[in-house]
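Quick note, the sequences are listed as chains Z and B, same order.
Its first residue numbered 0, the first sequence is counted upward by one per residue in numbering that gives the first Met the number 0.
Its first residue numbered 0, the second sequence is counted upward by one per residue in numbering that gives the first Met the number 0.
Where hints are given, some of them may not hold.
[What the hints assert, rightly or not] Distance ranges between label pairs, derived from CB positions:
{"hint": "1", "chain 1": "Z", "residue 1": "P109", "chain 2": "B", "residue 2": "L215", "range": "42 to 48 Å"}
{"hint": "2", "chain 1": "B", "residue 1": "T106", "chain 2": "Z", "residue 2": "A75", "range": "26 to 32 Å"}
{"hint": "3", "chain 1": "Z", "residue 1": "E114", "chain 2": "B", "residue 2": "G160", "range": "40 to 46 Å"}
{"hint": "4", "chain 1": "Z", "residue 1": "A75", "chain 2": "B", "residue 2": "A129", "range": "18 to 24 Å"}
{"hint": "5", "chain 1": "B", "residue 1": "A129", "chain 2": "Z", "residue 2": "E114", "range": "24 to 30 Å"}
{"hint": "6", "chain 1": "Z", "residue 1": "K68", "chain 2": "B", "residue 2": "V141", "range": "43 to 49 Å"}
[Said to hold, decoys possible] Sample of chain Z residues lacking proximity to chain B, with all beta carbon distances greater than 10 Å (derived):
{"hint": "7", "residue": "Q10"}
{"hint": "8", "residue": "D56"}
{"hint": "9", "residue": "P91"}
{"hint": "10", "residue": "A126"}
{"hint": "11", "residue": "G162"}
{"hint": "12", "residue": "H190"}
{"hint": "13", "residue": "L191"}
{"hint": "14", "residue": "G266"}
FYI, nobody ran anything at the bench for these hints, they're computed from the structure.
Just so you know, these numbers come straight off a predicted model, no measurement behind them.
Yeah, the Cβ is synthetic: ideal placement off N, Cα and C, and Gly gets one too.
Chain residues, written in single-letter form:
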Amino acid sequence: MPSVGQVIELQHLTKRYGSKTAVDDLTVTVQPGRVTGFLGPNGAGKSTTMRMVLGLDHPTAGTARVNGKRYAEHRAPLREVGALLEARALHPGRTARAHLTALAATGGLPGTRVEEVLELAGLTAVADRRVGGFSLGMGQRLGVATALLGDPATVVLDEPVNGLDPDGVLWIRTLTRRLAADGRTVFLSSHLMSEMAQTAEHLVVVGRGRLLADVSTADFIHHAGGESVRVRSPRAGELTGLLATEGVTVTSAEPGVLDVRGLAAAGIGDRALAAGIVLHELTVVRPSLEDAFMTLTRDEREYRTDEETPR
Amino acid sequence: MTAVLDLEATPSSAARAGGVTGLLRGEWIKLRTLRSTGISLGIGLVLMVLFGWLFTGTAESGGPGGNGGGPPGLSFTDPVGLSLAGYRLAQLAIGVLGVLLVTGEYTTGTIRSTFAAVPRRWPVVAAKSAVFAAVVYLGSLVAAVVAFLVGQTALGELGVGPGADGVVRALLGIAAYLTAIGLFGMALGWLLRSTAGAISTLFGLVFLLPVLGQLLPAGWGPDVVRLLPGEAGSQLFSVVPAPDAFGPWTGFAVLLGYLVVAFTAATVLLRRRDA
Numbered sequence: 000m001p002s003v004g005q006v007i008e009l010q011h012l013t014k015r016y017g018s019k020t021a022v023d024d025l026t027v028t029v030q031p032g033r034v035t036g037f038l039g040p041n042g043a044g045k046s047t048t049m050r051m052v053l054g055l056d057h058p059t060a061g062t063a064r065v066n067g068k069r070y071a072e073h074r075a076p077l078r079e080v081g082a083l084l085e086a087r088a089l090h091p092g093r094t095a096r097a098h099l100t101a102l103a104a105t106g107g108l109p110g111t112r113v114e115e116v117l118e119l120a121g122l123t124a125v126a127d128r129r130v131g132g133f134s135l136g137m138g139q140r141l142g143v144a145t146a147l148l149g150d151p152a153t154v155v156l157d158e159p160v161n162g163l164d165p166d167g168v169l170w171i172r173t174l175t176r177r178l179a180a181d182g183r184t185v186f187l188s189s190h191l192m193s194e195m196a197q198t199a200e201h202l203v204v205v206g207r208g209r210l211l212a213d214v215s216t217a218d219f220i221h222h223a224g225g226e227s228v229r230v231r232s233p234r235a236g237e238l239t240g241l242l243a244t245e246g247v248t249v250t251s252a253e254p255g256v257l258d259v260r261g262l263a264a265a266g267i268g269d270r271a272l273a274a275g276i277v278l279h280e281l282t283v284v285r286p287s288l289e290d291a292f293m294t295l296t297r298d299e300r301e302y303r304t305d306e307e308t309p310r
Numbered sequence: 000m001t002a003v004l005d006l007e008a009t010p011s012s013a014a015r016a017g018g019v020t021g022l023l024r025g026e027w028i029k030l031r032t033l034r035s036t037g038i039s040l041g042i043g044l045v046l047m048v049l050f051g052w053l054f055t056g057t058a059e060s061g062g063p064g065g066n067g068g069g070p071p072g073l074s075f076t077d078p079v080g081l082s083l084a085g086y087r088l089a090q091l092a093i094g095v096l097g098v099l100l101v102t103g104e105y106t107t108g109t110i111r112s113t114f115a116a117v118p119r120r121w122p123v124v125a126a127k128s129a130v131f132a133a134v135v136y137l138g139s140l141v142a143a144v145v146a147f148l149v150g151q152t153a154l155g156e157l158g159v160g161p162g163a164d165g166v167v168r169a170l171l172g173i174a175a176y177l178t179a180i181g182l183f184g185m186a187l188g189w190l191l192r193s194t195a196g197a198i199s200t201l202f203g204l205v206f207l208l209p210v211l212g213q214l215l216p217a218g219w220g221p222d223v224v225r226l227l228p229g230e231a232g233s234q235l236f237s238v239v240p241a242p243d244a245f246g247p248w249t250g251f252a253v254l255l256g257y258l259v260v261a262f263t264a265a266t267v268l269l270r271r272r273d274a
């Protein structure tokens, strides 16, 4: 078991390419023991940030530390941080086993880990096949196996579900949660809000390199707006009058369908029954996370729930 | 602070993570698990033997074209050079392989895994060079010996034995020269990080410029041409030296100078650049 309780600390992390700022003064602490989703549209600076955590790109300003040290200061970095940085960072002419064996030797990791991660990624049967013939999903699995080769306390995965079939997506979800349950720090990027909502307990949202939110997933969903109720009725017009009382808003996007906010489904049903109005549909509509995410990243409005943010 | 200074200041830093052994073993695994290694090296060395045999085998008829025509730039008064003349093709294959072993890591993205494992980066350059140099030197030496024996046999009475003047230096030297060209390809790969760019530069310096140099004025042209890496380095194995050429060791030192400059620049840039 790796030493647990490592954190990823980004302090005023900034990366500029000429006049373009890819990462803009990012200060975030990623905590162990939970899956932290790193969310933002494509081009928001997620990959650049992750490369700086791995010491591959040099920050223009600020620092990225893992467990109090810059990546390059760790004596055996693969045992500290494991990363999947881009799909298919693999030589097509090499077999899966050769790829892992070479990296294990370079990183000073025992050869037994190669078989362990192959097994973990479900690649044992294809371990001696050339990577060039792998499907996108198999390549992605090998990338995850590579990340876990050093049994690291911190796991950084850039868009791990890209190109995976539903099976693979579920695998990633289960695996990352298990890694977090081990006490590891799991930092997972995605541009898919819905996927993150199912996997991550905490979210770091960025847009154009800037921090937009550092919140628990539950809080993010709460901020996304309350529930609404969709009501379908042949006498929607009459019903609107009945429902539109103090604190209730009723909108209609199409004839015969009402969108009610501020009144629970039960209350709507009661009032409709009392007035003898037939309802054809009464559905609780949860807020669309995708919409909330879009709104947030479009406005680049900064909101943070500081009680969820350490220090 | 440059990486070169760092190299002297903290000699033990390579011993992190997998240590020197791990690094060398990792690079050896990477080298031998690619089909292109065996293909490039094999083709290069087989061509070296075949062309040596061709040049020497046609000697009796007066060479291609007959009556003392002979292959351009080759002389029948130089039986050793004639049998080893296939090196011109071998250096092409070996130089390209050197480039590919480095740029292949960049084009596939594996360089990021490698540098994540070895964040100081320069030990990777050192280990990759050491493993490649060892393989190329041994392979080239075998090919040179075979080419020499095949060639001298084909030359019959014109041929010389292994005990003749300069033969041992030529055989050991040509292997060293091919190794140096391979390493030059690697250095260009680290510097340019692009397969096309590095191969073009290598070809330009080693093949194209010597030919273009012939067009320079006779007054100072040869002084420029003999400073080119291939022209200078090949003096190490020349038994019958050309009139304007450097001596064997001076020539090879010039080639090593190219390597030192290229690797120093590569290591400094490697440290500063984003991977």
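Verification of the hints:
Judged by the Cβ atoms, the range 42 to 48 Å given for P109/Z and L215/B is violated: they are separated by roughly 59 Å. Between T106/B and A75/Z the beta carbons are some 28 Å apart, a value that agrees with the proposed interval 26 to 32 Å. Against the hinted window of 40 to 46 Å, the Cβ-Cβ separation of E114/Z and G160/B comes to about 54 Å, which falls outside the hint. A hinted range of 18 to 24 Å for the beta carbons of A75/Z and A129/B is consistent with their spacing of about 22 Å.
A hinted range of 24 to 30 Å for the beta carbons of A129/B and E114/Z is consistent with their spacing of about 28 Å. Checking the proposed 43 to 49 Å range against K68/Z and V141/B shows it holds: the Cβ atoms sit about 47 Å from each other. With a closest Cβ-Cβ approach of about 19 Å to chain B, Q10/Z is found to remain outside the 10 Å limit, as its non-interface label requires. Chain B draws D56/Z into its interface by the beta-carbon criterion, the shortest separation being 4 Å against a cut-off of 10 Å.
In this structure P91/Z is not separated from chain B by more than 10 Å, as the shortest Cβ-Cβ distance comes to only about 7 Å. No beta-carbon of chain B comes within 10 Å of the beta-carbon of A126/Z; the shortest separation is about 13 Å. The Cβ of G162/Z lies farther than 10 Å from every Cβ of chain B, with a closest approach of about 15 Å, so its non-interface assignment holds. Even its closest Cβ contact with chain B, about 20 Å, leaves H190/Z beyond 10 Å, as expected for a residue assigned away from the interface.
Residue placement check: L191/Z keeps its beta carbon more than 10 Å from all beta carbons of chain B (closest about 22 Å). The Cβ of G266/Z sits about 57 Å from the closest Cβ of chain B, beyond the 10 Å cut-off, so the non-interface label holds.
Checked against the numbered hints given earlier, this structure breaks hints 1, 3, 8, 9; the rest are met.
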